[in-house]
Every structure is written in structure tokens, then in C-alpha cells.
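Protein chains in written order, with this note's numbering: chain A, 1 to 333; chain B, 1 to 302; chain C, 1 to 321.
There could be a bad hint or two in this list.
Stated by the list, open to error - For the chain C half of the interface with chain A, some residues (derived, Cβ under 8 Å), not all of them:
{"hint": "1", "residue": "Glu42"}
{"hint": "2", "residue": "Gly156"}
{"hint": "3", "residue": "Ser217"}
{"hint": "4", "residue": "Asp218"}
{"hint": "5", "residue": "Ala237"}
{"hint": "6", "residue": "Phe241"}
{"hint": "7", "residue": "Leu252"}
{"hint": "8", "residue": "Arg265"}
{"hint": "9", "residue": "Tyr266"}
{"hint": "10", "residue": "Leu271"}
{"hint": "11", "residue": "Ala272"}
{"hint": "12", "residue": "Asp274"}
As the list claims (entries may be wrong) - For the chain C half of the interface with chain A, some residues (derived, Cβ under 8 Å), not all of them:
{"hint": "13", "residue": "Met78"}
{"hint": "14", "residue": "Ala89"}
{"hint": "15", "residue": "Asp184"}
{"hint": "16", "residue": "Asp201"}
{"hint": "17", "residue": "Leu213"}
{"hint": "18", "residue": "Val259"}
{"hint": "19", "residue": "Pro268"}
{"hint": "20", "residue": "Gly270"}
{"hint": "21", "residue": "Ala292"}
As the list claims (entries may be wrong) - Covered, in the sense of this in silico footprint (three residues per stretch, anywhere, with C-beta under 8 Å from a C-beta of chain A), are these stretches of chain B:
{"hint": "22", "segment": "12-24"}
{"hint": "23", "segment": "107-119"}
{"hint": "24", "segment": "202-216"}
Hints in this document: simulated from the structure, not taken from any laboratory. We treat Cβ as the ideally placed atom computed from N, Cα and C, and that holds for glycine.
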Amino acid sequence: MTVPPLLEAAGVGVDFTTRAGTVATALDGVDVAVRSGEILALVGESGSGKTTLARTLVGLQRPTTGEVRFEGEPLSYTGRAQRRLCGEVQMVLQDAAGSLSPRQTVYESVAEGIRLHRRVAGDPAGRTEAELVAAALAEAGLRPPERIFLRYPHELSGGQQQRVLIAGALALRPRLLVADEPVSSLDASIRGEILGLLLGLRDSLGLGLVVVTHDLGLAWNIADRVAVMYLGRVIECGTTEEVLESPQHPYTRALLSVVPGAERLTPLVLHGEVPDPTRIPSGCRFHPRCPSYADGTAAGARVADHCRRTALPVLAATGNHRVACHLAAAPDF
Amino acid sequence: MSSPAPVSARQITRRRRAAAWRRNWALFRGHRTGLAGLGVLGVFVVIALAAPLLADADGLRVTQATGGVLEGPSSEFWLGTDDNGRSLLTMLIWGSRISLLVGLLATAISMLIGTVVGLVSGFFEGWTSRVLYRLTEWFLVIPFLPLAIILAVVLGRSLLNIAIVIGVTSWPATALLIRSQTLSIKERPYLERARVLGAGRWHQMTRHVLPNVMPMVFANTTLTVAVAILSETTLSFLGLGDPTRVSWGSMLEAAFGVGAMTTGMWWFIAPPGICVVLVVLSFTLIGRALEDVLDPRLRDRR
Amino acid sequence: MTPLLALRGLSVAYQTGEGRLPAVRGVDLVVRAGEVVGIAGESGCGKSTLASTLLRLQPKDALVEGEVLVAGRDVQTMGWGDLRALRWAQAAIVFQGALHSLNPVRRIETQIAEPLRLHEPDLSAAAVSARVAELLEQVGLPATRSRVYPHQLSGGQRQRVMIAMALACRPQLIVADEPTTALDVMVQAQILDLLSGLVRDLGVGLLIISHDLSVLSDVCDRVAVMYAGRVVECGSAEQVFTSPTHPYAQALARAFPRVGDATARYAPAGLAGDPPDPLDLPQGCAFAPRCARVVEACVEEEPPLLQVGGRQSACIRVGQA
Numbered sequence: 001m002t003v004p005p006l007l008e009a010a011g012v013g014v015d016f017t018t019r020a021g022t023v024a025t026a027l028d029g030v031d032v033a034v035r036s037g038e039i040l041a042l043v044g045e046s047g048s049g050k051t052t053l054a055r056t057l058v059g060l061q062r063p064t065t066g067e068v069r070f071e072g073e074p075l076s077y078t079g080r081a082q083r084r085l086c087g088e089v090q091m092v093l094q095d096a097a098g099s100l101s102p103r104q105t106v107y108e109s110v111a112e113g114i115r116l117h118r119r120v121a122g123d124p125a126g127r128t129e130a131e132l133v134a135a136a137l138a139e140a141g142l143r144p145p146e147r148i149f150l151r152y153p154h155e156l157s158g159g160q161q162q163r164v165l166i167a168g169a170l171a172l173r174p175r176l177l178v179a180d181e182p183v184s185s186l187d188a189s190i191r192g193e194i195l196g197l198l199l200g201l202r203d204s205l206g207l208g209l210v211v212v213t214h215d216l217g218l219a220w221n222i223a224d225r226v227a228v229m230y231l232g233r234v235i236e237c238g239t240t241e242e243v244l245e246s247p248q249h250p251y252t253r254a255l256l257s258v259v260p261g262a263e264r265l266t267p268l269v270l271h272g273e274v275p276d277p278t279r280i281p282s283g284c285r286f287h288p289r290c291p292s293y294a295d296g297t298a299a300g301a302r303v304a305d306h307c308r309r310t311a312l313p314v315l316a317a318t319g320n321h322r323v324a325c326h327l328a329a330a331p332d333f
Numbered sequence: 001m002s003s004p005a006p007v008s009a010r011q012i013t014r015r016r017r018a019a020a021w022r023r024n025w026a027l028f029r030g031h032r033t034g035l036a037g038l039g040v041l042g043v044f045v046v047i048a049l050a051a052p053l054l055a056d057a058d059g060l061r062v063t064q065a066t067g068g069v070l071e072g073p074s075s076e077f078w079l080g081t082d083d084n085g086r087s088l089l090t091m092l093i094w095g096s097r098i099s100l101l102v103g104l105l106a107t108a109i110s111m112l113i114g115t116v117v118g119l120v121s122g123f124f125e126g127w128t129s130r131v132l133y134r135l136t137e138w139f140l141v142i143p144f145l146p147l148a149i150i151l152a153v154v155l156g157r158s159l160l161n162i163a164i165v166i167g168v169t170s171w172p173a174t175a176l177l178i179r180s181q182t183l184s185i186k187e188r189p190y191l192e193r194a195r196v197l198g199a200g201r202w203h204q205m206t207r208h209v210l211p212n213v214m215p216m217v218f219a220n221t222t223l224t225v226a227v228a229i230l231s232e233t234t235l236s237f238l239g240l241g242d243p244t245r246v247s248w249g250s251m252l253e254a255a256f257g258v259g260a261m262t263t264g265m266w267w268f269i270a271p272p273g274i275c276v277v278l279v280v281l282s283f284t285l286i287g288r289a290l291e292d293v294l295d296p297r298l299r300d301r302r
Numbered sequence: 001m002t003p004l005l006a007l008r009g010l011s012v013a014y015q016t017g018e019g020r021l022p023a024v025r026g027v028d029l030v031v032r033a034g035e036v037v038g039i040a041g042e043s044g045c046g047k048s049t050l051a052s053t054l055l056r057l058q059p060k061d062a063l064v065e066g067e068v069l070v071a072g073r074d075v076q077t078m079g080w081g082d083l084r085a086l087r088w089a090q091a092a093i094v095f096q097g098a099l100h101s102l103n104p105v106r107r108i109e110t111q112i113a114e115p116l117r118l119h120e121p122d123l124s125a126a127a128v129s130a131r132v133a134e135l136l137e138q139v140g141l142p143a144t145r146s147r148v149y150p151h152q153l154s155g156g157q158r159q160r161v162m163i164a165m166a167l168a169c170r171p172q173l174i175v176a177d178e179p180t181t182a183l184d185v186m187v188q189a190q191i192l193d194l195l196s197g198l199v200r201d202l203g204v205g206l207l208i209i210s211h212d213l214s215v216l217s218d219v220c221d222r223v224a225v226m227y228a229g230r231v232v233e234c235g236s237a238e239q240v241f242t243s244p245t246h247p248y249a250q251a252l253a254r255a256f257p258r259v260g261d262a263t264a265r266y267a268p269a270g271l272a273g274d275p276p277d278p279l280d281l282p283q284g285c286a287f288a289p290r291c292a293r294v295v296e297a298c299v300e301e302e303p304p305l306l307q308v309g310g311r312q313s314a315c316i317r318v319g320q321a
């Protein structure tokens with residue numbers, strides 16, 4: 001029997017009721033899986049559902065359909081079960097500056113999780129709270145940790161704030177860390193340092209990592225696997241090399257072509273933005289913006305009708321390079 | 001930071017608190033009006049505390065009165081006497097105790113109700129929140145004076161009751177303020193972070209929301225004290241105060257009763273009136289300064 | 001020909017409680033018509049302060065030295081009347097944060113028309129609305145959307161409205177402060193396409209300020225990299241991004257890997273340390289404490305910006321082995 005992945009989403013869908021009373025489908029059937037020591041990047045634009053998926057993975061958001069499994073066990077949403085999950089799966093939120101309470105010192109912010117989960121009493125080495133906090137900060141690359149114990153968030157640089165958040169999550173000894181846009185608000189020179197830290201954590205602690213980002217360069221820097229999301233679905237997934245070096249889906253190709261600084265293959269700027277999730281297009285959800293549909297390639301491969309009408313299946317989480325596209329699946333393409 | 005590494009969590013907390021106090025005091029000192037308010041209030045507090053040393057309590061008894069009826073200021077009675085021949089200065093000094101006490105007591109009651117209702121109605125969703133919010137709105141639109149008069153009559157005229165009456169009628173403004181602040185804090189990323197760390201609602205409310213609304217509560221307290229002292233004066237002036245004690249309000253009532261306003265006995269009306277104005281003003285000035293010092297939204301402007 | 005914008009030895013300092021804080025230290029820069037110039041740098045490097053002096057929008061307590069010449073006239077010393085005429089009509093700024101720079105309770109057509117009404121009061125109502133429609137067209141928004149409010153637009157569309165406002169009075173120079181920050185890659189590409197198209201079609205000069213060197217390398221002709229208030233490298237966008245000479249510019253360029261570049265795989269390039277405190281600048285080269293190639297001479301004297309083979313670099317080791 002195969003070992004189940006550390007964390008997986010199986011057919012997860014999340015609906016929100018908007019103020020106008022319409023139903024917005026933020027996630028519409030998503031399968032993803034992460035194993036220990038694996039780094040998965042969820043890539044997409046805003047509105048693709050990647051942050052909702054991250055929140056669902058850590059149990060902050062209850063899926064409307066489908067389920068999230070931790071080591072094969074479906075998550076339960078009772079208070080106690082959720083708390084237990086928090087000890088195993090941690091998340092570092094977007095907006096490092098805002099995620100630290102302005103009235104807590106670095107020490108208190110990092111110690112918060114330790115206190116909530118009574119980790120001092122459960123520490124095998126019998127360390128004190130201050131020692132645990134210092135160890136977590138040191139792991140996150142803040143050395144010597146004691147020097148910043150008494151600082152307030154506004155006295156720290158952006159990179160230091162992000163490290164404190166990571167330390168706060170590491171203090172719980174999680175086995176999986178979800179990082180939502182870990183470097184998007186940071187200066188370019190700090191970016192590499194934080195990504196290096198995440199990579200190092202995977203290597204030294206064997207942590208599983210889910211990185212949510214709109215930045216394909218980041219995925220190329222650290223991810224083992226990439227799942228590209230569009231409008232609540234994964235539309236292409238596989239290893240980083242497969243997805244980013246030989247992208248199959250027209251959307252992935254378009255995204256890659258507009259990465260700034262890249263020697264543009266053919267600059268493929270899509271028109272408009274990700275549609276409103278209350279009105280998901282029929283058939284392939286990408287077809288209204290799809291360059292291959294618009295330029296007649298799809299029609300040439302005789303799949304244009306499918307693009308308009310036939311919905312695509314949910315991509316399985318594991319295994320090979322997969323793509324949800326009628327054109328890519330067409331035999332004579 | 002050159003200080004050696006602190007060892008225990010308690011030590012760290014203590015050091016952090018001390019630093020916070022020092023910083024806030026430094027900021028407060030920058031407000032000249034706030035300092036002036038603090039000075040004036042300090043004088044009144046000293047007078048209230050030292051009342052037994054400054055004036056003999058026997059001077060408040062009608063039977064022990066030594067002066068003539070409604071005398072003007074003289075070397076013996078600096079502020080003259082009332083219609084019973086008591087020294088107005090003695091009454092003014094002892095009255096400061098009652099006015100400040102009722103003001104603080106009423107504020108404590110009002111703050112407690114206002115904070116709890118505001119916090120709960122802002123933090124929780126669902127019917128509890130809705131019921132509390134409606135209740136707050138309901139209390140807010142009831143005219144203060146009629147409600148206070150009815151409550152004072154029903155509860156009876158005593159020091160504690162007058163404080164309760166004022167407290168029960170003045171909390172809605174605080175509750176609304178706390179509620180709106182809570183609603184905004186609830187959406188901050190650090191609350192989401194607390195949830196990620198596995199914090200329950202109680203933890204979120206007491207460790208994150210409360211510390212962040214406390215400064216507002218604090219600043220609001222001083223403003224409410226001012227209102228409460230004014231209310232005490234109003235109710236006593238209307239004859240609803242504790243009949244056995246002298247307060248600035250009851251002095252004003254007595255002054256009104258003997259027609260001081262029409263006969264030009266300024267020494268009877270002016271001193272308690274000025275005292276009320278000064279204390280209310282000093283609390284307001286301190287409150288404004290505190291708001292500036294403690295409200296993160298105002299402080300983070302730099 | 002007089003350049004649209006010329007900075008000559010521009011220095012800006014703020015007077016703070018802890019002393020004089022130098023934000024910009026001796027910057028020279030020229031933007032000509034039809035040219036796109038980028039300023040790259042991290043938060044605190046002085047690039048936003050620099051942008052604010054271009055139209056004399058800096059805070060009152062800022063001490064400005066040197067010259068800011070817009071079309072040959074010094075912005076910092078001209079009279080108020082001239083300055084008002086110059087703002088919008090000759091040079092316009094697209095501010096960072098389109099959400100906060102638009103008035104939420106006014107229709108976008110009213111907001112776009114505002115600079116027109118101020119600078120060309122003789123324009124008839126019909127002419128104004130025709131111009132607004134034309135501007136919306138220019139920035140790729142349908143004219144039928146002119147009556148919406150800012151909150152009904154997406155982030156990218158709001159940024160387009162900001163650009164339309166900047167174009168309203170046909171300025172010769174446009175300054176864009178972080179025009180694509182907080183936008184998605186695809187929308188960012190759309191906005192950058194729009195900006196380069198405008199420069200091509202209208203022949204205006206464009207100065208883009210961004211923390212993202214890779215974005216600048218895509219649209220700019222020339223790029224200046226700023227560190228601790230100074231320009232440390234300046235050259236063609238191609239040169240600065242693909243073969244930078246200053247170690248700081250190198251670090252910035254490496255921070256954005258090219259997808260497919262095997263050397264960047266599992267090896268994110270970073271730069272240890274934080275930018276220096278402007279109140280306490282290190283002796284010599286400001287970058288020396290974070291520099292891997294530092295030698296003794298670096299900490300003795302601040303290296304000047306020198307011409308090295310078609311570009312400028314402020315590193316004494318450039319040209320050395």
C-alpha cells in the first residue's frame with residue numbers, strides 16, 4: 001500500500017454567497033497533494049482561488065464540497081481537531097507587517113503558539129519558553145535571537161517581520177508550512193534570503209511546503225511541483241521543469257511569456273482580467289480569454305466546440321504532467 | 001539593544017511594560033493642553049483627598065453652622081455662607097469628593113457595560129451580536145434626562161444609585177465606539193494569524209482585540225468622566241442627588257433655591273460652577289491627549 | 001535640444017529629531033522626449049523622495065539642493081503660478097496606489113476632467129467630455145465606462161484611469177511611481193504595454209520608478225539603480241539587467257531569475273543584511289557592509305559615479321580584476 005500524502009485536497013470546492021445573494025465559486029473542484037519534504041507552488045493571478053485553497057488546506061476555510069485529508073484522514077472541523085491540526089500544519093500569511101499584532105513584542109508573537117499548544121510542558125529536552133522562542137527565531141535566521149526579543153513589529157525591517165512570522169509557525173514544530181506570497185511585499189534583495197530560508201527548512205527539518213504565489217520566478221527558484229490555477233481550478237500541474245519549461249496550457253504559456261525580464265518567446269498579453277467567479281464561463285473556463293481559441297488554432301484542431309461546451313475534468317493531484325485543455329488533448333495537435 | 005538577554009518570560013513582560021509606559025509618558029508630555037489638564041485635575045484630586053485637613057467636616061452640619069445667613073465673602077468665610085450659615089468654601093472642598101467619586105464610579109459602570117457590549121457585539125456574529133447592537137441603539141436614542149430621572153426616582157436617592165443611573169444611561173456611546181473598533185480589528189491579518197496558531201475565540205478576544213481597543217477605552221474613559229460629573233451636577237441640581245451629602249450639583253441647586261441668580265449672590269453660584277467646568281475641562285483635555293498618545297491610528301501617522 | 005527633465009546634483013535631506021536625514025545624495029539624471037528612463041531601488045533608497053521633488057511635491061521640511069529642471073526651468077525656484085501651470089500641463093505624475101489616489105465618491109469622468117477644467121477653463125462641456133472619451137480610449141478603457149465609480153473597477157482598470165488623468169493636459173513628461181506594484185503579472189504586462197505604447201505614439205518622456213529591476217528592464221531605454229540615496233549604476237536597460245557591474249545592481253538583477261535558468265534552480269540569490277540607516281551611513285561606500293567584494297579602499301572614501309565603457313558605475317572595483 002502506498003503512503004498517503006501528508007496533506008491533500010480531494011475535489012475541494014468552496015462557495016461564497018455574495019452580498020447581492022449570488023453564489024461565487026472560489027474553488028470548483030481542486031485536487032492537490034503535498035508530501036513531506038516536498039515544495040508545491042500554487043500559481044495564479046488574483047481571483048484564481050489560490051489563497052482560498054491555502055486557507056482551506058490549513059482548515060481555516062471549510063470546503064463546501066470535497067474534503068481535505070491530513071495523512072489520509074479527512075479533517076474534522078470541531079474546535080479540538082482544528083487545534084490539533086494547527087500543531088501539524090502552519091501557515092504564514094501574506095502581508096507580514098499586518099500579521100504581527102502592533103502591541104506584541106517579537107517574543108510574545110513567537111511565544112503565542114507555544115503557549116496555546118502548551119509546548120513548554122511537552123518539550124522533550126525540557127527547555128524553557130524563552131529557549132524555545134530563541135530556538136525558533138534562530139531557525140528562521142534571526143541570530144542572535146535575544147537581541148530582538150523586545151522589539152515591536154514596526155521597529156523591524158520587512159525581511160525581519162517575515163522571519164518572525166516564520167519563526168512563530170516553526171515554534172509549533174509543524175510538518176507542513178503553507179506560505180501565502182512569502183516575498184511579494186519584500187524588497188528584491190531580501191527576497192532571495194527568505195526563499196533560501198524556506199528551502200533550508202525543507203532540507204533541515206524535512207518540512208512539506210505549499211507556496212502560494214503569482215510569481216513564476218519564485219516557483220522556478222524553489223518549487224518541486226507546480227499547480228497553475230485559473231478561476232478556481234487547477235489547469236496544469238506537474239514538476240516545475242515540466243510545467244515551466246514545456247507548458248501545455250495556453251494560459252500557462254501566456255503567464256510565462258509576460259514574466260518581466262524573461263527573454264520573451266512571444267509576448268502574449270491576454271486581454272481583460274480573471275472573470276467574476278459568480279459567472280464561470282461554460283465549457284473550458286479559460287476559452288473567452290484563450291489566445292489559441294481566439295486565433296483559430298482550436299478550431300483548426302476541431303475542438304472549438306468542446307472549448308465552448310464541454311467542461312473539463314478535475315486534474316488528479318499526483319503523478320505526471322497533466323493539463324486541463326481540450327486543445328492539448330486533441331489527437332492531431 | 002545592549003541589555004543582557006532576559007531569562008524568564010515574566011521578566012520580559014515586565015521590561016516591555018516599563019518601556020511602553022515610558023514611551024507613552026514621553027508622548028503625553030508633548031501635549032501642552034493634556035499636561036495642563038493633568039495639573040488642574042491633580043489639584044482637585046489633592047483637595048478632595050486632603051479635605052479633612054483643609055476644612056472641618058463639622059462645617060457641613062447645619063446645626064453646627066457658625067456664620068450668618070447668606071453672607072458675602074469675608075476674611076472668616078472666604079466664599080461666604082449659604083442659607084444655613086455654613087461656609088461655602090468648606091462645602092466646596094467636601095463637595096469635590098462627592099462629585100469626583102460619583103463621576104469615577106459612574107464612569108466605571110458605564111465603561112464596563114460599554115466595553116463588554118461593544119466587544120461582544122463586534123466580535124461575534126449572529127443573533128447575540130444583533131440583539132446587543134439593537135439594545136445599544138435603543139439606549140442611545142432614549143433621551144437621557146427623562147430616563148435618568150425615572151431611574152433615580154425608582155432606585156431612590158443615594159450616592160451609589162446616582163452613579164448607577166448615570167452609568168446605565170451613558171454606556172451606549174462607548175459601546176458603539178468599541179464595536180466599530182472591534183469590527184475593524186477583527187479583519188486584521190494578525191487575528192487570522194492567531195486563528196492559524198489555533199487560538200480560540202476567547203484567546204483572540206482577550207489577547208488581540210482587547211489590548212488593541214483598550215487605548216480607545218482609556219481615552220474614552222476620561223471623556224466619559226467629564227460627562228458623568230456634568231450629569232451628576234444636573235441630577236443634583238434637579239434635586240435627585242443624595243440629600244445627605246453636599247456635592248457641587250447640590251450646591252448649585254441650593255443657590256438656585258435661594259434665588260442667588262436673581263439677587264446677584266455670585267459667590268454662591270460661581271465657585272461650584274467654575275469647579276465643575278474646570279474638572280470637566282481637565283478630563284476632556286487629558287482625554288484628547290490620551291487619544292492621541294494611545295490610538296495607534298493617530299500615532300502611526302509619522 | 002533641452003531635455004524634458006534634468007536633475008543636476010540633486011540632494012534632499014529631512015530635518016528630524018535625531019539629526020539631518022539625507023534621503024537623496026547628489027543625483028544627476030536626464031530624460032529626453034520619447035525616452036523611457038527607470039529608477040530602480042529598494043524601499044528607503046530615496047527614489048520616492050526624488051520623485052516628489054520633480055513637481056515640488058516634497059514635504060515642507062525637506063531641504064533641497066541642486067537643480068530640478070523641467071523643460072529647462074528650475075521647478076524648485078519658480079513662482080507658484082508657473083509651478084501650477086507646469087504641474088499636469090508639462091509634467092504629470094501617476095501615483096503609487098491607484099485605489100487611494102482616486103476619490104471614491106466621484107465618477108471617473110469627473111476625476112479625469114478635473115485637470116482639464118483647471119488648466120483649460122475655456123473648454124466647453126462637450127469638448128471636455130469628448131476629450132475624456134478620447135483619453136479613456138487611449139488607455140484601453142471603453143468610453144462607455146466613464147460614468148462608473150472607482151470601486152466598480154479592478155486594480156488594473158483603476159491604474160488605467162490614473163494614467164488617463166496624467167495624460168489629460170497633454171504633458172511632455174510623465175512620472176510613474178511604482179505603476180505596477182500590487183498588480184498581477186498579466187495586468188502588469190498590460191499596463192507596461194500601455195505605457196510603452198504611449199511613449200511610442202505620443203513621443204512623451206517617461207520616468208518609471210520601481211523596486212523591480214526586471215520590470216524596468218522590459219520597458220526602459222536607460223535604468224539608474226539607486227542605493228542609500230545615490231545612483232550606483234546607470235546605463236542601458238539591457239546592460240544594467242543582463243551584465244551589471246556594481247555588486248548591488250548585480251544582486252538586484254539576480255533576485256529575479258529567468259525561468260529555465262538552471263543556475264537559479266533551488267538557488268535563490270539573495271543579499272544578506274539590511275539597507276543602511278540614513279542617519280548613520282557607513283564610512284566610505286554605503287554598500288560596503290553588505291558587499292562580498294569589499295576591499296580596504298572601499299571603506300575609506302565613497303566612490304564617485306564613474307564612466308566605464310558606455311555606462312556609469314560607482315564601484316571602485318569595476319574594471320579591476
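Hint check:
1. Glu42: holds, 4 Å
2. Gly156: holds, 6 Å
3. Ser217: holds, 5 Å
4. Asp218: This hint holds: Asp218 (chain C) lies near chain A, its Cβ roughly 5 Å from the closest one there, short of 8 Å.
5. Ala237: violated, 10 Å
6. Phe241: holds, 6 Å
7. Leu252: holds, 5 Å
8. Arg265: Holds - the Cβ of Arg265 (chain C) comes within 8 Å of chain A, reaching about 7 Å at its closest.
9. Tyr266: Because about 6 Å separates Tyr266 (chain C) from the closest Cβ in chain A, which is inside the 8 Å limit, the hint holds.
10. Leu271: Nearest chain A Cβ about 4 Å off; hint holds.
11. Ala272: For Ala272 (chain C), the interface hint holds, since the closest Cβ of chain A sits about 7 Å away, which is under 8 Å.
12. Asp274: With Cβ-Cβ at 5 Å, under 8 Å, it holds.
13. Met78: Hint violated; Met78 (chain C) Cβ to chain A Cβ min 35 Å, cut 8 Å.
14. Ala89: With a minimum Cβ separation of about 31 Å from chain A (threshold 8 Å), the hint on Ala89 (chain C) is violated.
15. Asp184: holds, 4 Å
16. Asp201: violated, 17 Å
17. Leu213: holds, 7 Å
18. Val259: holds, 5 Å
19. Pro268: holds, 4 Å
20. Gly270: holds, 3 Å
21. Ala292: violated, 13 Å
22. 12-24: holds (count 5)
23. 107-119: violated (count 0)
24. 202-216: Our answer is that it holds, as 5 residues pass the Cβ test (under 8 Å) against chain A, meeting three.
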